[in-house]
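Protein chains: 2
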Amino acid sequence: MPASYLPTADTTPTRKSDRVSYDRAAVHAAIDEAVMCHLGFVVEGRPVVLPQLHARVGEHLYVHASSAARLMRSTREGIAVCVTISHIDGLVLARSAFNHSLNYRSVIVHGLAELVTDAEEKRKVLAAFVDAVLPGRADHMRGVNRKELGATAVLRIPLENVSLKSRSAPPGDDEEDLALPYWAGVIPLTNSVPGTPEPAPDLDPSMAVPAHVARWSRETRAS
Amino acid sequence: MPASYLPTADTTPTRKSDRVSYDRAAVHAAIDEAVMCHLGFVVEGRPVVLPQLHARVGEHLYVHASSAARLMRSTREGIAVCVTISHIDGLVLARSAFNHSLNYRSVIVHGLAELVTDAEEKRKVLAAFVDAVLPGRADHMRGVNRKELGATAVLRIPLENVSLKSRSAPPGDDEEDLALPYWAGVIPLTNSVPGTPEPAPDLDPSMAVPAHVARWSRETRAS
Chain X
12 MPASYLPTAD TTPTRKSDRV SYDRAAVHAA IDEAVMCHLG FVVEGRPVVL PQLHARVGEH
72 LYVHASSAAR LMRSTREGIA VCVTISHIDG LVLARSAFNH SLNYRSVIVH GLAELVTDAE
132 EKRKVLAAFV DAVLPGRADH MRGVNRKELG ATAVLRIPLE NVSLKSRSAP PGDDEEDLAL
192 PYWAGVIPLT NSVPGTPEPA PDLDPSMAVP AHVARWSRET RAS
Chain Y
12 MPASYLPTAD TTPTRKSDRV SYDRAAVHAA IDEAVMCHLG FVVEGRPVVL PQLHARVGEH
72 LYVHASSAAR LMRSTREGIA VCVTISHIDG LVLARSAFNH SLNYRSVIVH GLAELVTDAE
132 EKRKVLAAFV DAVLPGRADH MRGVNRKELG ATAVLRIPLE NVSLKSRSAP PGDDEEDLAL
192 PYWAGVIPLT NSVPGTPEPA PDLDPSMAVP AHVARWSRET RAS
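Heads up: the sequence lines are chains X and Y, in that order.
Remember, this note's numbering sits 11 above the position in the first sequence when you count from 1.
Remember, this note's numbering sits 11 above the position in the second sequence when you count from 1.
Keep in mind the hints are simulated off the structure, nothing from the lab.
Every residue gets a Cβ at the ideal spot worked out from N, C-alpha and C, and that includes glycine.
Treat the hints with caution; some may be incorrect.
Unchecked claim - Cut-off 30 Å, straight-line C-alpha distance, at most; resulting in silico cross-link-like pairs (DSBU-like, lysine-lysine):
(1) Y:27 to X:135
(2) X:158 to Y:133
(3) X:135 to X:158
(4) X:27 to Y:133
Stated by the list, open to error - Using C-beta positions, here's what the derived DEER-type ranges look like:
(5) X:226 to Y:12: 44 to 50 Å
(6) Y:12 to X:228: 41 to 47 Å
(7) Y:228 to X:180: 35 to 41 Å
Stated by the list, open to error - Calculated from the model, a selection of chain Y residues having no Cβ within reach of chain X, i.e. all distances over 10 Å:
(8) 34
(9) 40
(10) 202
Please model the entire structure based on the sequences and the hints provided.
Structure follows, in structure tokens:
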């Protein structure tokens, strides 16, 4: 498998082309690190964007779309979607207002989404959703039964028409602004920082917080 | 001004209606807390979703869309957009795979976006962008000049067709699963947690980190 995706008409930038990458490993890492994606589709000529869970299995992106009921009604034949997965990694403070920026990574996937109908594939994908968000959880829950499997809708999108846009740098001030008496630099940001786990009110109080919950962090997903 | 937005065909849910709110203050708070939004629009019948900066000024949402070059070419007459602003507040761990969930808040704004062309409005909006992300920064930077103003594209969307979807609760397990020997509860998540500010390599090393940088947190935006 080639190390990079092939650029397409959709993923060739019209500006700031130095910020675009097609590197497969970098795209995968940005997808895998995110807890959610934003799924865009068109309904009666107008755009709809919904936050959704996702999981990557090899070169397919799966999106948990139970809540996208109006999408599902029309999708059995496949519909055009755009899935965008974004991380804000830092606030970039420049001497000038104009050169303020963000450090970020954003994967954009264009494709035809199909509904997963095969029970075996669906079962594997649901396991991948759990493992993507909560590594190690599979051994600490009741698996999905046939009725629940039927009640869950999952979309499959091939990772082909895909790119990663990113910025990761100090501020880029204009030469003539460098001597201005303003602090410039980056405030790095971390997302999905876990707090103390909150046991369910109906949980047996003698039950300790298990390791897969106590150690949860976004880093565990990529490992 | 009424305390709630009016439900519309777009914002009336087809399922899980208990999760939808039209409360103006709650919508504003979720918009103001976010560092970025996801802007969806339609190009030649297909969806495009881009991460963008935004700022709310009263009942208008402004979106910084310089990078959406292909959108701007067609938007001078106003184009249909969907702007979605999402927060993941926690991972919800249930006894069953099926009842795993997320605690989240997601504002969805449908509307016709117009390009801001009035120089005075644009100048105010650019100040609002800076203030939205970096409260107090305005006194620590060079303001925008006429050339920079011309090079910046801003969209305006009225806050009318808008709703907030949210979940904020412990897991909702099925009665028959409650006795299973699995830990259930919530892992709360915090986003945009600042690290130690990183001075620009070309910054005078004697310059101390100013208070508006040192104290930055997402909470400061709402206050």
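Hints and how they fare:
1. Y:27 to X:135: 26 Å, holds
2. X:158 to Y:133: 54 Å, violated
3. X:135 to X:158: 16 Å, holds
4. X:27 to Y:133: 23 Å, holds
5. X:226 to Y:12: 44 to 50 Å: 47 Å, holds
6. Y:12 to X:228: 41 to 47 Å: Holds, since residue 12 of chain Y and residue 228 of chain X (Cβ atoms, about 42 Å apart) stay within the stated range.
7. Y:228 to X:180: 35 to 41 Å: Violated - the Cβ-Cβ distance for residue 228 of chain Y and residue 180 of chain X, about 23 Å, lies outside 35 to 41 Å.
8. 34: 19 Å, holds
9. 40: 17 Å, holds
10. 202: 5 Å, violated
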